[in-house]
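Residues in the sequence shown are numbered consecutively from 1, following the UniProt record's numbering.
Honestly, the hints are just simulated from the structure, not real lab data. Any given hint might turn out to be false.
Capping the alpha-carbon separation at 30 Å, the derived lysine-lysine pairs in DSS-like fashion look like this [stated by the list, open to error]:
(1) 180 / 88
(2) 67 / 88
(3) 67 / 180
(4) 88 / 160
(5) 180 / 160
If you anchor each label on the Cβ, the simulated ranges turn out as follows [unchecked claim]:
(6) 132 / 83: 13 to 21 Å
(7) 112 / 71: 28 to 36 Å
(8) 142 / 185: 14 to 22 Å
(9) 131 / 164: 18 to 26 Å
(10) 184 / 129: 19 to 27 Å
For glycine and all other residues, C-beta sits at the position ideal for the given N, C-alpha and C.
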Amino acid sequence: MLFEWAVWVVKENYVFRHEMGCRLSVCAEKTNKLCLVFMENKRVDMQTYNKTLPHPEMPSAVAELLKRLAYATPENAPLVPGRRSFFKYRDLGLTDATEGVARAQVTCATDIMEQTGWHYHICDVHFIYTLRGWIELEFEDGRVIRVGQGESLFIPPGLKHNETAISPDLELFEMSVPAKMGTVACDPPDHLPRRSK
Numbered sequence: 001m002l003f004e005w006a007v008w009v010v011k012e013n014y015v016f017r018h019e020m021g022c023r024l025s026v027c028a029e030k031t032n033k034l035c036l037v038f039m040e041n042k043r044v045d046m047q048t049y050n051k052t053l054p055h056p057e058m059p060s061a062v063a064e065l066l067k068r069l070a071y072a073t074p075e076n077a078p079l080v081p082g083r084r085s086f087f088k089y090r091d092l093g094l095t096d097a098t099e100g101v102a103r104a105q106v107t108c109a110t111d112i113m114e115q116t117g118w119h120y121h122i123c124d125v126h127f128i129y130t131l132r133g134w135i136e137l138e139f140e141d142g143r144v145i146r147v148g149q150g151e152s153l154f155i156p157p158g159l160k161h162n163e164t165a166i167s168p169d170l171e172l173f174e175m176s177v178p179a180k181m182g183t184v185a186c187d188p189p190d191h192l193p194r195r196s197k
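Make the full structure from the sequences, and use the hints.
Shown next as structure tokens:
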């Protein structure tokens with residue numbers, strides 16, 4: 001009889017059970033937390049098996065937490081309204097999953113760029129990580145920072161800044177706590193040179 005097999009990483013001290021209508025025939029000796037699982041008369045790919053593998057020992061609290069698991073892809077993450085009309089915002093599901101505690105989104109450039117004007121945010125956390133392209137911001141101490149691909153920036157709440165330029169291919173990850181982040185327009189800092197206002 002032919003046997004189909006798959007390799008699973010087995011968590012320490014945890015017994016995996018299955019209810020897939022097929023009999024577990026052989027479980028080889030575990031080595032470094034790896035286990036060979038042989039299935040009789042059933043062809044099951046690893047991804048399908050992993051999704052359907054039940055966990056009867058799972059506490060109900062964990063089951064409730066799993067209902068809030070947020071998995072986003074470029075295909076299923078919806079476009080949502082955002083602070084700026086010249087950006088596209090793709091929601092990653094964190095707002096619903098955390099009931100408004102935090103927000104995560106991917107922000108992309110469109111074919112139009114306008115300066116945001118001087119402003120500051122009302123929040124606890126505002127963090128960006130550039131996935132592609134770059135974004136340039138000026139801060140109230142006169143510093144100009146260009147955040148390029150692979151670079152990140154945490155903007156403290158209340159710090160005045162102005163987004164002055166972006167690359168046409170800008171794509172960045174943005175996270176805030178709470179999800180609803182306030183944005184307050186303000187005058188340019190008086191101590192900055194006139195050219196920066």
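Results of checking the hints against the structure:
1. About 17 Å separates the Cα atoms of residue 180 and residue 88, which keeps this hinted pair within 30 Å; it holds.
2. Taken as a hint, the residue 67 and residue 88 pair is honoured in the structure, with Cα atoms around 28 Å apart against an allowance of 30 Å.
3. A hinted pair counts as satisfied when its Cα atoms are at most 30 Å apart, and residue 67 with residue 180 qualifies at roughly 22 Å.
4. Restraint check: the Cα-Cα separation between residue 88 and residue 160 comes to about 23 Å, which is no more than 30 Å; the hinted pair holds.
5. Annotation: proposed proximity of residue 180 to residue 160 holds, straight-line Cα distance about 18 Å (limit 30 Å).
6. Distance hint check for residue 132 and residue 83: the Cβ-Cβ separation is about 20 Å, which falls inside the suggested range of 13 to 21 Å.
7. For residue 112 and residue 71, the hinted distance range of 28 to 36 Å is satisfied, since their beta carbons lie about 32 Å from each other.
8. Our hint of 14 to 22 Å for residue 142 and residue 185 holds, since their Cβ atoms are close to 20 Å apart.
9. Restraint check, residue 131 to residue 164: a C-beta distance of roughly 20 Å satisfies the suggested window 18 to 26 Å.
10. Distance hint check for residue 184 and residue 129: the Cβ-Cβ separation is about 24 Å, which falls inside the suggested range of 19 to 27 Å.
Consistency with the previously given hints is maintained throughout, with no hint failing.
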